[in-house]
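Colleague: If you want the building blocks of each chain, they are given just below.
2 protein chains.
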Amino acid sequence: MTVFITGGSVTKFGELWGTSPRVLAHEVFENALTNAKITKAKIESLYVGNMLAGILGGQEHLGALFAEELGLTDIPAFHIEGACASGGLAVHAATLAVASGQYKTVAVLGVEKMTDYKPEVISTALMGAGSDEERMAGATFPGLYAILARAYMEKYKVSERQLASVSVKNHFHASLNPNAQFRNVLTIDTVMKSSLVADPLKLLECSPVTDGAAALIITSADVKGAVEIIASEVATDTLGLAQRGSLTSLPATQTASDKAYRKAGIGPKDVDVAEVHDCFSIAEILALEDLGFYAKGTAGQSILKGEVTLGRSKHLVVNTSGGLKGAGHPVGATGVKQIVEVINQLKGKAGKRQVKGAKIGLTQNVGGSGATAVVHILKNT
Amino acid sequence: MTVFITGGSVTKFGELWGTSPRVLAHEVFENALTNAKITKAKIESLYVGNMLAGILGGQEHLGALFAEELGLTDIPAFHIEGACASGGLAVHAATLAVASGQYKTVAVLGVEKMTDYKPEVISTALMGAGSDEERMAGATFPGLYAILARAYMEKYKVSERQLASVSVKNHFHASLNPNAQFRNVLTIDTVMKSSLVADPLKLLECSPVTDGAAALIITSADVKGAVEIIASEVATDTLGLAQRGSLTSLPATQTASDKAYRKAGIGPKDVDVAEVHDCFSIAEILALEDLGFYAKGTAGQSILKGEVTLGRSKHLVVNTSGGLKGAGHPVGATGVKQIVEVINQLKGKAGKRQVKGAKIGLTQNVGGSGATAVVHILKNT
Chain A
231 MTVFITGGSV TKFGELWGTS PRVLAHEVFE NALTNAKITK AKIESLYVGN MLAGILGGQE
291 HLGALFAEEL GLTDIPAFHI EGACASGGLA VHAATLAVAS GQYKTVAVLG VEKMTDYKPE
351 VISTALMGAG SDEERMAGAT FPGLYAILAR AYMEKYKVSE RQLASVSVKN HFHASLNPNA
411 QFRNVLTIDT VMKSSLVADP LKLLECSPVT DGAAALIITS ADVKGAVEII ASEVATDTLG
471 LAQRGSLTSL PATQTASDKA YRKAGIGPKD VDVAEVHDCF SIAEILALED LGFYAKGTAG
531 QSILKGEVTL GRSKHLVVNT SGGLKGAGHP VGATGVKQIV EVINQLKGKA GKRQVKGAKI
591 GLTQNVGGSG ATAVVHILKN T
Chain B
231 MTVFITGGSV TKFGELWGTS PRVLAHEVFE NALTNAKITK AKIESLYVGN MLAGILGGQE
291 HLGALFAEEL GLTDIPAFHI EGACASGGLA VHAATLAVAS GQYKTVAVLG VEKMTDYKPE
351 VISTALMGAG SDEERMAGAT FPGLYAILAR AYMEKYKVSE RQLASVSVKN HFHASLNPNA
411 QFRNVLTIDT VMKSSLVADP LKLLECSPVT DGAAALIITS ADVKGAVEII ASEVATDTLG
471 LAQRGSLTSL PATQTASDKA YRKAGIGPKD VDVAEVHDCF SIAEILALED LGFYAKGTAG
531 QSILKGEVTL GRSKHLVVNT SGGLKGAGHP VGATGVKQIV EVINQLKGKA GKRQVKGAKI
591 GLTQNVGGSG ATAVVHILKN T
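Quick note, the sequences are listed as chains A and B, same order.
Just so you know, we're using this note's numbering here: the first sequence kicks off at 231 and counts up by one.
Just so you know, we're using this note's numbering here: the second sequence kicks off at 231 and counts up by one.
Hints listed in this document are in silico derivations from the structure and should not be mistaken for laboratory results.
Don't take every hint at face value.
Intra- or inter-copy, both count: the list cannot distinguish identical chains.
[Said to hold, decoys possible] Using 25 Å as the maximum straight-line C-alpha spacing, the simulated DSS-like pairs for lysine-lysine come out as follows:
(1) LYS489 to LYS270
(2) LYS489 to LYS272
(3) LYS334 to LYS387
(4) LYS493 to LYS272
Model, not experiment: these values are computed from the prediction.
Bound conformation, chain A alone (with noise of 0.2 Å):
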């Protein structure tokens, strides 16, 4: 059964601190059933995705929870977790579930609070995807991160300036995207200059953590002006780098767009738009070789040139949003983000960022240091 996208929204991303999760929730959910033109008794199930409610908050059976407090009482809801990837997860059980037949329409909401919580008490929440050993070591994601960042750049001889290009991109993106958490335009000599968290990657090389929530509604009814849903895959991988065969991508990006490049029947070259899940500078360019839209150890020269760059690119242009580091990572809501980012740009409302014909998109969201990808590939109806 084919399925589509027939609304999304976003919140603003940000620090924010005078309101809630469920005010988060009432916003994106009632602006997507708007965009979708239909009233929330269409919805028969919902999705939710979230990573660290249970960790800091001690709320779990989020589905319920938010199924009550949108006024969905009594369908049926799912709380899906997978760590920093749990929005994408989402989708792809939401999508399943109408692909089934059993549900004609269902809504999907990724939500994150984080900025409530002391930095470390975040910093440790957030191991909580990744191994025994890494957590007990005492390892942090921008600690495995920069491993990754150190390894790559050994063996490709790529320079730091590469690194720091991510974020100027993306801090230019989220400069024309009102709902990011930063709008700053840096240089890469700002990037460069920022505080060394974790050898070689800077403070501006790094997501910040955000509070957000985006919501999407998805749908086997082929209504104008839907988008659709050509491809959900997802792949894992070793929870620890450690076990991992290779340091300089991400396997589990490799092994699920392989799959929906295969199922979408299109390759890297047929996509107009990208969102990926840069948490850190690293992260983008390993995305933008394991998508397979450059060859290995050449993603960040590419960058550093603009060619991926609105207003600068040929033909692909990656995390207009600003991505997580320019429009913020509240992490169970980036992966449903992501998509509503894509929809935008394949229906032409993405504003001042408009990719101009982008027909084809593609999202990629991962958990942890890519223990879960998933990716996704949209295109207008």
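Given chain A, work out where chain B should sit, using these hints.
Modeller: Same frame as chain A, but now just chain B:
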């Protein structure tokens, strides 16, 4: 697409000090594969039901974690959470994933390790299933179910002996189940004399804290000896009791089972064996009524008379495994274990607790005090 179960397995349930969730997962997964007569290379996706690993252990990302642990690295893997209904929800998600055609054969793992923590820590963690108001008021689940019991007893003039008879029946069934946590036979007097936990609920009317795991193999391949999933339905309700329309039933169970009977094309009278969510004695009474087996106010006296007890029932037998009370309640595993028990009954492999000629079985798995209900109906092929 028709969906079948070809294999299932449970571990011993109990206080399993000498083992870990990883070891439990291996045991049930490998036994389920053996029952299904397939190798793990056939497994295309993994669905993990678990509630407490995040809150108690700070570990999330359980899909990828168990995919790696079980040697399934690189297949899609999902962590589904819905409090004590996490297992049932994982089965539902897996069923729809297979029905969608995206995956042919998938595995479901329900797993929970609870006894490594102090009782008060577990009680608080379990309140992650409840509403904000209930958590802030310091309510615990025995207290919440005691409210339901009180309201029910007042409305229907039901005796405490009727409630106690649920535990007597379920401990009798558990005495026949080598995997049950408690295999001691009880009398009504023993139950009545046990410590009061939350008036009117006594210690021997409360399900225990338990470690354990259960696994299923779900497939679209119609192999000889498979059990067919003829309905998989979910419904939700308010998280908190204060917002409910009724305190003498669980409306989510009614909604889910109404849909399930319609989908299956059968009625309550057609069910031969049922595993219901007897987290507290009152819960089984409510379940038998909400599922349509008995009129409101009458299930307690029927249980007391032995109507759903093995060897005394003329037709329906309930909780042959011993239920949550007798067999134990490792929360994320319970919904999966219920289905393993029913498929063993339908295949004539339930040993001393076999219900002769059982052809149709039903399971009811509840999250929180009734905010989530999952109903499966299974049929011999």
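Colleague: Are the hints correct? Go through all of them and say.
Modeller: These are the hints, each one checked on the structure:
1. In this homomeric assembly, LYS489 and LYS270 come within 25 Å of each other (Cα to Cα) only across copies, at 20 Å, whereas the closest approach inside a single copy is 34 Å.
2. For the homomeric pair LYS489 and LYS272, the shortest alpha-carbon distance between copies (17 Å) is at most 25 Å, but the shortest distance inside one copy (32 Å) is not.
3. When the C-alpha separation of LYS334 and LYS387 is checked against a cutoff of 25 Å, the pair qualifies neither within a copy, at 51 Å, nor between copies, at 44 Å.
4. With identical chains, the CA atoms of LYS493 and LYS272 are at most 25 Å apart between copies only, with a shortest distance of 19 Å across copies and 29 Å within one.
When the structure is compared with the earlier hints, a violation turns up for hint 3 alone.
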